[in-house]
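So the protein lines, in turn, are chains A, B, C, D, E and F.
Quick note: the first sequence, position 78, residue 78 per my numbering, numbers continuous.
Quick note: the second sequence, position 69, residue 69 per my numbering, numbers continuous.
Quick note: the third sequence, position 131, residue 131 per my numbering, numbers continuous.
Quick note: the fourth sequence, position 78, residue 78 per my numbering, numbers continuous.
Quick note: the fifth sequence, position 12, residue 12 per my numbering, numbers continuous.
Quick note: the sixth sequence, position 109, residue 109 per my numbering, numbers continuous.
Keep in mind the hints are simulated off the structure, nothing from the lab.
Careful, some of the hints might be misleading.
If several chains are the same, the list does not tell them apart, and a pair holds so long as it fits within one copy or across any two.
Capping the alpha-carbon separation at 30 Å, the derived lysine-lysine pairs in BS3-like fashion look like this [stated by the list, open to error]: (1) K6 - K74; (2) K28 - K79; (3) K28 - K74; (4) K79 - K18; (5) K79 - K25.
Below are the chains, spelled out letter by letter.
There are 6 protein chains.
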Amino acid sequence: MSNLVKEFNDYRSKMNEKLLADNNKIVKRIFNLDTNAYTEGVLDVRTKELLGLVASTVLRCDDCVKYHLENCHKEGISKEEMMEAMGIATLVGGTIVIPHLRRAYEFWEELSPPPPEGGANEVNNANQGLNSN
Amino acid sequence: MSNLVKEFNDYRSKMNEKLLADNNKIVKRIFNLDTNAYTEGVLDVRTKELLGLVASTVLRCDDCVKYHLENCHKEGISKEEMMEAMGIATLVGGTIVIPHLRRAYEFWEELSPPPPEGGANEVNNANQGLNSN
Amino acid sequence: MSNLVKEFNDYRSKMNEKLLADNNKIVKRIFNLDTNAYTEGVLDVRTKELLGLVASTVLRCDDCVKYHLENCHKEGISKEEMMEAMGIATLVGGTIVIPHLRRAYEFWEELSPPPPEGGANEVNNANQGLNSN
Amino acid sequence: MSNLVKEFNDYRSKMNEKLLADNNKIVKRIFNLDTNAYTEGVLDVRTKELLGLVASTVLRCDDCVKYHLENCHKEGISKEEMMEAMGIATLVGGTIVIPHLRRAYEFWEELSPPPPEGGANEVNNANQGLNSN
Amino acid sequence: MSNLVKEFNDYRSKMNEKLLADNNKIVKRIFNLDTNAYTEGVLDVRTKELLGLVASTVLRCDDCVKYHLENCHKEGISKEEMMEAMGIATLVGGTIVIPHLRRAYEFWEELSPPPPEGGANEVNNANQGLNSN
Amino acid sequence: MSNLVKEFNDYRSKMNEKLLADNNKIVKRIFNLDTNAYTEGVLDVRTKELLGLVASTVLRCDDCVKYHLENCHKEGISKEEMMEAMGIATLVGGTIVIPHLRRAYEFWEELSPPPPEGGANEVNNANQGLNSN
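Chain A with its partners taken away, still in its complex shape (with noise of 0.2 Å):
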């Protein structure tokens, strides 16, 4: 797993365990919420994804948007259709949404490395138990 990753992905478990673990009981039902909110319904996974990325990028929110571009990778949702997305974003959030769609295009390289080293990662693994945002 490539360090933007790993170390985006051990703070966040890091920091989500304390806040879970000092028993505020709107916080934890918020995260409870989060990982309800995502599972299968009518809409299916990938579309409740691409959901949160796009939600999470016009908002601005750069870690949101990593752990959505975790998410919609681990589904498989390709590059094309994640920059379909981003595109969408784009253009409702407007310019300022540029320098999140630049630091969100090297996560998602990150995620995805370049195919001659294999192509299998296992980065998946990494976004388990607490998956709030």
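Starting from the known structure of chain A, fit chains B, C, D, E and F onto it as the hints suggest.
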């Protein structure tokens, strides 16, 4: 077509025509991009309209929400699908989204009059030509 | 109860009922959380309502502001206290908050008719049952 | 003066007076700063009003947009100049700005009735004294 | 004082001094207002700092959150009180607030080193003189 | 060129190239529009760059602010002019803008090293070719 829907479409069409007639190049191109972004690509139109709906909702733009609700409805997206998308938007965007959710739900009802009266509604034809937000 | 207050409460109640009847699990739980978050905890209800008011104001959600103004009023928060909170919100959020401050001030006046006419107002009863934003 | 312009100015003046009479020190000083910020400095008033217009537009505050449109109009800024500024705002802020652009364009037309009817409009006098957003 | 806290305070102090030395009247007055807004009024300092904290959190400004966390800590606000306020902020602002909540929680821990080491921390002295955001 | 400026330009250039090579039509056109919007029109380049700077600042996008600061500097806009524009941005956007103002001021200093060392800086050449945000 309901009054709510008709008023929205009439005002939007009238002002979009004026804006395009004004001939500001940047504005015209943004309108043009807005039309292109939601056409079929590697993602289908249904998914793209849901992305546009969620982006508009978390950014709390009632008119943009109405516009995408109308297109979602035209694409045959069901109320359950629309509500799952809006549920994600409300979770990501927080309780400040709720007033927009109320207005969105009301608008959706106007697009879909209750079954007894027939169900076949022609609202869909209202949204043609200029289709910028 | 003033027209402004009554119209706001009537529309909100009507649409909240429809949204809850719709049975989307995420939306229902967010409504439920919204009720719980403002109940007495280590912070008292007054403080929490002021927090909700300021959060709504800097995010510029008129309906959320009205909802929390009504609750603040019910909790016996004085106009001076409300205005100190709104002053902080205007400073943090900037002059774009001013139009919302104008509407908030007008709504507060409707909640608190001038003293000669009696002062005891029953507005407070209007906001029961569903109390999501 | 058109109804749209008159209603906007009347409500704003009425509520600004109430807010200033309320005597909250922070609010009063913010209003005062707001008056000072747009006076001639190393940047001229025209440029500053365009800055206020674009800031208000990307933050999607219709009332702030109207206020600055009125001042821009008073300063003799042409429709072409206003539209170039609004084009930048729409590009930076994204397509969610479009509904605000429609309302801005309508308001500008009300400030500038079509030439045949005379052209000399007295709208400008409406915006004096309190000039906070 | 922890590194995280010290770095934040050092950079803020250094740049605030430069900004004030720059002598832009509007900026100086806003800094001055910022100091005044959080002093005792009809609302006490504790409540005002919580309002500032929640406003900063829903607007997702990490540095503003840190600044108010430091003041909340200095005012003797407990972790439970801070977390109740942050729970409201997360609910109102949505799951995009979660990454900011993680960083806020980490910063609070740095302000409050674990008990064994003594507990009396001198962090509080770090935040004096210039106290603008 | 200072490290702060160089790092910003290097990362932006590298990622912009990748994004453009990716060949997503919507993204490419937005980049293209972004280049066109700031060219001379009825408003001059200086005014347009100030508009871009203020829009970026109130939307609190540090990278967009840096980009426009660099262009403003290149256009010969003085520190006093830049600060007047930023003062308006801080007033309109509120005290949450202050942390961005601190970083903007630091970046401007890097663009303009103190006079003794020569003054003639070549920073300006760094920003050519791709000039999207």
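Going down the list of hints, with the structure as the test:
Taking the shortest Cα distances, K6 and K74 sit within 30 Å of each other inside one copy (15 Å), while across copies they are farther apart (35 Å). When the C-alpha separation of K28 and K79 is checked against a cutoff of 30 Å, the pair qualifies only between copies, where the shortest distance is 16 Å, while the shortest distance within a copy is 33 Å. Both within a single protomer and between protomers do K28 and K74 lie at most 30 Å apart by alpha-carbon distance, with minima of 25 Å and 27 Å respectively. Proximity of K79 to K18 under the C-alpha cut-off of 30 Å is restricted to the inter-copy arrangement: shortest distance 13 Å between copies versus 34 Å within a copy.
Proximity of K79 to K25 under the C-alpha cut-off of 30 Å is restricted to the inter-copy arrangement: shortest distance 14 Å between copies versus 38 Å within a copy.
Consistency with the previously given hints is maintained throughout, with no hint failing.
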